[in-house]
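Asker: In case you want the letters, here they are:
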Amino acid sequence: MNEQATQAGTETPMVEMRGVNKWYGDFHVLRDIDFEVKRGERIVICGPSGSGKSTLIRCINHLEEHQQGEIVVGGIPLTQDIKRIEQIRRSVGMVFQHFNLFPHLTVLENCCLAPMWVQKQPRREAEALAMRYLERVQIAEQARKYPGQLSGGQQQRVAIARSLCMHPDVMLFDEPTSALDPEMIKEVLDVMVELANEGMTMLCVTHEMGFAKTVADRVIFMDQGQIIEENAPEPFFNNPQSERTQLFLSQILGH
Amino acid sequence: MSVRPQPHPVGPKPPFWRDRAKRALIFQVLLIAAVAAFLLYIIGNTQANLAARGITTGFGFLTNTAGFGIVQSLIDYSSQSTYGRTFVVGLLNTLLVSALGVLAATIIGFTVGIARLSPNWLIARLANAYIEIFRNIPLLLQIFFWYFAVLRTLPSARDSLSLGEVFFLNVRGLYLPEPLFESGFGLIPLTLGIAVAASIALVVWNKRRHEATGKRFPAGWFSLALILGLPLLVLVATGVPVTWDVPQLTGFNFRGGITIIPEFLALWLALSIYTASFIAEIVRSGIQAISHGQTEAAQALSLPRNLVLRLVVVPQAMRVIIPPLTSQYLNLIKNSSLATAIGYPDLVSVFAGTTLNQTGQAIEVIAMTMAVYLTISLLVSMFMNWFNARVALVER
Amino acid sequence: MTIQEKMLEARPAPKSTVGPVAWLRANLFSGPVNTVFTLLGLYLLYLLLTPTIQWAFINADWIGTSRDDCSREGACWVFVNARLGQFIYGLYPGSEIWRVNLTFATFAGLIAWLAIPRLPYKRWVAVATLVGFPVLAYFLLYGGHFGLRVVETHRWGGLMLTLVLAVVGMVGALPIGIMLALGRRSQMPIVKSFCVVFIEFWRGVPLITVLFMASVMLPLFMPTGVSVDRLIRAFIGITLFQSAYMAEVIRGGLQAIPRGQEEAAAALGMGYWKRMGLIVLPQALKMMIPGIVNTFISLFKDTTLVMIIGLFDLLGIVQAALSDSRWLGFALEGYVFAAFVFWVFCFSMSRYSQYLERKLHTGHKR
Numbered sequence: 001m002n003e004q005a006t007q008a009g010t011e012t013p014m015v016e017m018r019g020v021n022k023w024y025g026d027f028h029v030l031r032d033i034d035f036e037v038k039r040g041e042r043i044v045i046c047g048p049s050g051s052g053k054s055t056l057i058r059c060i061n062h063l064e065e066h067q068q069g070e071i072v073v074g075g076i077p078l079t080q081d082i083k084r085i086e087q088i089r090r091s092v093g094m095v096f097q098h099f100n101l102f103p104h105l106t107v108l109e110n111c112c113l114a115p116m117w118v119q120k121q122p123r124r125e126a127e128a129l130a131m132r133y134l135e136r137v138q139i140a141e142q143a144r145k146y147p148g149q150l151s152g153g154q155q156q157r158v159a160i161a162r163s164l165c166m167h168p169d170v171m172l173f174d175e176p177t178s179a180l181d182p183e184m185i186k187e188v189l190d191v192m193v194e195l196a197n198e199g200m201t202m203l204c205v206t207h208e209m210g211f212a213k214t215v216a217d218r219v220i221f222m223d224q225g226q227i228i229e230e231n232a233p234e235p236f237f238n239n240p241q242s243e244r245t246q247l248f249l250s251q252i253l254g255h
Numbered sequence: 001m002s003v004r005p006q007p008h009p010v011g012p013k014p015p016f017w018r019d020r021a022k023r024a025l026i027f028q029v030l031l032i033a034a035v036a037a038f039l040l041y042i043i044g045n046t047q048a049n050l051a052a053r054g055i056t057t058g059f060g061f062l063t064n065t066a067g068f069g070i071v072q073s074l075i076d077y078s079s080q081s082t083y084g085r086t087f088v089v090g091l092l093n094t095l096l097v098s099a100l101g102v103l104a105a106t107i108i109g110f111t112v113g114i115a116r117l118s119p120n121w122l123i124a125r126l127a128n129a130y131i132e133i134f135r136n137i138p139l140l141l142q143i144f145f146w147y148f149a150v151l152r153t154l155p156s157a158r159d160s161l162s163l164g165e166v167f168f169l170n171v172r173g174l175y176l177p178e179p180l181f182e183s184g185f186g187l188i189p190l191t192l193g194i195a196v197a198a199s200i201a202l203v204v205w206n207k208r209r210h211e212a213t214g215k216r217f218p219a220g221w222f223s224l225a226l227i228l229g230l231p232l233l234v235l236v237a238t239g240v241p242v243t244w245d246v247p248q249l250t251g252f253n254f255r256g257g258i259t260i261i262p263e264f265l266a267l268w269l270a271l272s273i274y275t276a277s278f279i280a281e282i283v284r285s286g287i288q289a290i291s292h293g294q295t296e297a298a299q300a301l302s303l304p305r306n307l308v309l310r311l312v313v314v315p316q317a318m319r320v321i322i323p324p325l326t327s328q329y330l331n332l333i334k335n336s337s338l339a340t341a342i343g344y345p346d347l348v349s350v351f352a353g354t355t356l357n358q359t360g361q362a363i364e365v366i367a368m369t370m371a372v373y374l375t376i377s378l379l380v381s382m383f384m385n386w387f388n389a390r391v392a393l394v395e396r
Numbered sequence: 001m002t003i004q005e006k007m008l009e010a011r012p013a014p015k016s017t018v019g020p021v022a023w024l025r026a027n028l029f030s031g032p033v034n035t036v037f038t039l040l041g042l043y044l045l046y047l048l049l050t051p052t053i054q055w056a057f058i059n060a061d062w063i064g065t066s067r068d069d070c071s072r073e074g075a076c077w078v079f080v081n082a083r084l085g086q087f088i089y090g091l092y093p094g095s096e097i098w099r100v101n102l103t104f105a106t107f108a109g110l111i112a113w114l115a116i117p118r119l120p121y122k123r124w125v126a127v128a129t130l131v132g133f134p135v136l137a138y139f140l141l142y143g144g145h146f147g148l149r150v151v152e153t154h155r156w157g158g159l160m161l162t163l164v165l166a167v168v169g170m171v172g173a174l175p176i177g178i179m180l181a182l183g184r185r186s187q188m189p190i191v192k193s194f195c196v197v198f199i200e201f202w203r204g205v206p207l208i209t210v211l212f213m214a215s216v217m218l219p220l221f222m223p224t225g226v227s228v229d230r231l232i233r234a235f236i237g238i239t240l241f242q243s244a245y246m247a248e249v250i251r252g253g254l255q256a257i258p259r260g261q262e263e264a265a266a267a268l269g270m271g272y273w274k275r276m277g278l279i280v281l282p283q284a285l286k287m288m289i290p291g292i293v294n295t296f297i298s299l300f301k302d303t304t305l306v307m308i309i310g311l312f313d314l315l316g317i318v319q320a321a322l323s324d325s326r327w328l329g330f331a332l333e334g335y336v337f338a339a340f341v342f343w344v345f346c347f348s349m350s351r352y353s354q355y356l357e358r359k360l361h362t363g364h365k366r
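Chains as they are written, first to last, in the working numbering: chain A, 1 to 255; chain B, 1 to 396; chain C, 1 to 366.
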């Protein structure tokens, strides 16, 4: 069955969630989440803090475990099976709010780690690949430095390159710019825009509404663990339907 | 002090007691004078006291005959040996119990520390109980407990506890069989050496192969099999050229085999268990110091669990763990001096105890004893500086 | 386009993920390996606890006056009971014990005042504890003034001596430690190297050798004919030893104070001692308290070593009682009692320092 689903090709959604529910202890974080991401689609998720948006994307690569419902990534249903989780993670790249680069490894080693140990590439190949991606995020000249020697924006670009080295089918961005100083946000967003223009499937949790307007195919607004509104960026920003969305947008665009 | 080097101010010179540089100079000169005066005072007193007691200073006593026995010695020693030799015997005994203590404390400490982080609630609680109990009871009390309440209440030699009539435990100590090697035995260490060399070569080759082709195989397990298997194979092939000298009960005591005195056992147990509780806490906080984000990032790159630990968590945790760990080792070495309370013949017990009492050369003996510990401390802190400089995470 | 106007109510988590059964499954039986560990742990607990409880409580004898009142099947707490006075007060004369009690009650009151966050005038109470209390304790415990009879130090012992040693060591070490720490940060090369050598020397040698030194070398250093009380010798050794460790704790605290604080004080025209005494040290001391408590715990445990130079602290007096021919064979009871007393003190202090550390950390988070 899975075989068939994969062979159906472009028609299979990249990520599919049906009736997903999650609790932290007694706290109901995700409530009846239903949505799908098509291949090549770029989605921005926004919402007030604590609305469950980070939890949502962290469920996709099983950094968080959901308790009810179904998640299918690239045609593979997510279960407790470790092999399957690793298989899914290979096709899902993730960029974190706090970069999470490995401080004991150089930039280049950070990028080569997974290709060498997971995809069993020779070091030379892995390094060539890493250099290619580091050049794309315009940081190749820092390859021999350690993360601690880089600025926040540079670190986040390295983190993006590190994920790209695994040739992911979809990239998850968990508030990639909220830990950055204002002057560094642009350099990271530029890389993300470029990535979007190349056709990467992307799911971004972010408050950068400018980014959402220019890049997103769809914008999703979440509150209290559920998807409140989902629309193309233009109607979403110009004509929000739900009261909560209106309130949120007025707060975030107000200043 | 935020006194920064400043350009010399222009303008009228201040009086010398308000000039910062001069004030520092005067203060330091006064300090030197005070220390010197204090030293002169005690040296004078000491000379007078020594003269009054008829004690001559100097290290000449080290060549005199000691005239007392020592229950455990790693080198040849009899009561005819010199005081100098008692120093060496004591030092070696200190090093012996310290080395074995460090080994055991590390094993117990890492096990308990990792167990403390176990997802299994019961195991984590048990590990925590171990830590909280043993680190909050004075070491000397623990030594006494093992020595007087456990080992000294064991049955006499006739009623020894035994394991398979080969190992015996009684109030006089632990008796182990001693291996006696026959002529063909030389082959075994030789094959062991070959196996170790082969394993190293294997690991290096595996690393190179991984770099070059991306492929690798579990070299660690192969090496282990090689190191254990090869000597064993040779041992069997040569017909096991070892005989065991099993301790025998003759009269009131055991003859033959290896004897481990209860003083050693008690000190070793207490030192290991006590220090392990601190090491466990260091290991726990070291692993916990690695932020969860590191593990998550590695998992998101689809590294399997064992590689997350090996490539991301352990290398970072070890940087946090090793400095406090070495200072615990140092503490263990210093704490081994508590041996003197139960009569294990360590440096303090033999040299700063018996030798000092017999010769009365307090200053020389205490100075030599302290010098030993200071040297060890110095070596360890030199290692720490080297280590920190080498592995410290590069920050801006 | 989807719009969800109606908000979903939060539902309780499915039964399988909350409640005691789910807790058990998640924490004790989450897989075959974990189940095995849990069972092994339970078995270990059973092996350890059953004989312990039987020995210490079920089969134990509590009431009586001599060893004949003990059945020998379980613990003979009669022994501890009969010796309790000695274990706590040493050989302090019975009619004067109120002086010890008063001293400790005062001390407990002061410490409680310092430890309870709500109470005011912390600084004055701290000064009273560090300066006033030792003087008061001296007059009360030693006597010789105000109509109190002198109780020679060789009669001091037990828990009382342990506490006296630890507190005196601490109170003596604090000012020396502060001076050493300041000296080590000094830019005067001779002052700095003197402090470094002093600190590293005491930290590099075991306390036993220090006590040996204090007991055999100190008499040599004194003018001929002057003898020093054995307890004073121990005090000197312990204080010097402790001050080196204290200095390192204080240095750590000083390093945690941002440079700007001192610069701001300097900008206000304060001299070195004012900058340190009014601005830097008060802030640093607050951050050092957990570290100071931790060194106090080590010191408290280390005071047991004085028995090696012939003083009878709690462990020493227990050890001495064990060789009493009327009470032979109760080593276990004696050690368990002493261990319990030490443990209660050290454990509660370490909990307190952990609590302070947590409080400090949350206070400094942005």
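What the hints contain is simulated information worked out from the structure, not anything from laboratory work.
A couple of the hints might just be wrong.
Taking lysine-lysine pairs in the DSBU-like style, the calculated list, with each CA pair at most 35 Å apart, reads [said to hold, decoys possible]:
no.: 1; chain 1: C; residue 1: Lys-15; chain 2: C; residue 2: Lys-122
no.: 2; chain 1: C; residue 1: Lys-6; chain 2: C; residue 2: Lys-192
no.: 3; chain 1: A; residue 1: Lys-38; chain 2: A; residue 2: Lys-120
no.: 4; chain 1: C; residue 1: Lys-192; chain 2: C; residue 2: Lys-274
no.: 5; chain 1: B; residue 1: Lys-207; chain 2: A; residue 2: Lys-120
no.: 6; chain 1: C; residue 1: Lys-286; chain 2: C; residue 2: Lys-122
no.: 7; chain 1: A; residue 1: Lys-213; chain 2: A; residue 2: Lys-38
no.: 8; chain 1: C; residue 1: Lys-192; chain 2: C; residue 2: Lys-286
no.: 9; chain 1: A; residue 1: Lys-145; chain 2: A; residue 2: Lys-186
no.: 10; chain 1: C; residue 1: Lys-274; chain 2: B; residue 2: Lys-22
no.: 11; chain 1: A; residue 1: Lys-83; chain 2: C; residue 2: Lys-6
no.: 12; chain 1: B; residue 1: Lys-22; chain 2: A; residue 2: Lys-120
no.: 13; chain 1: C; residue 1: Lys-122; chain 2: C; residue 2: Lys-6
no.: 14; chain 1: A; residue 1: Lys-38; chain 2: A; residue 2: Lys-83
no.: 15; chain 1: A; residue 1: Lys-213; chain 2: A; residue 2: Lys-120
no.: 16; chain 1: A; residue 1: Lys-186; chain 2: A; residue 2: Lys-38
no.: 17; chain 1: B; residue 1: Lys-207; chain 2: A; residue 2: Lys-83
no.: 18; chain 1: C; residue 1: Lys-122; chain 2: C; residue 2: Lys-274
no.: 19; chain 1: A; residue 1: Lys-83; chain 2: B; residue 2: Lys-22
no.: 20; chain 1: A; residue 1: Lys-145; chain 2: B; residue 2: Lys-215
no.: 21; chain 1: C; residue 1: Lys-122; chain 2: B; residue 2: Lys-22
no.: 22; chain 1: A; residue 1: Lys-213; chain 2: A; residue 2: Lys-186
no.: 23; chain 1: C; residue 1: Lys-359; chain 2: A; residue 2: Lys-38
no.: 24; chain 1: C; residue 1: Lys-274; chain 2: C; residue 2: Lys-359
no.: 25; chain 1: B; residue 1: Lys-207; chain 2: A; residue 2: Lys-145
no.: 26; chain 1: A; residue 1: Lys-145; chain 2: A; residue 2: Lys-120
no.: 27; chain 1: C; residue 1: Lys-192; chain 2: A; residue 2: Lys-213
no.: 28; chain 1: C; residue 1: Lys-286; chain 2: C; residue 2: Lys-274
no.: 29; chain 1: C; residue 1: Lys-192; chain 2: C; residue 2: Lys-15
Asker: Looking back at the hints listed earlier, which ones does the structure fail to meet?
Answerer: Violated hints (numbers, rising): 1, 2, 11, 12, 13, 15, 19, 21, 23, 27 and 29; every other hint is consistent with the structure.
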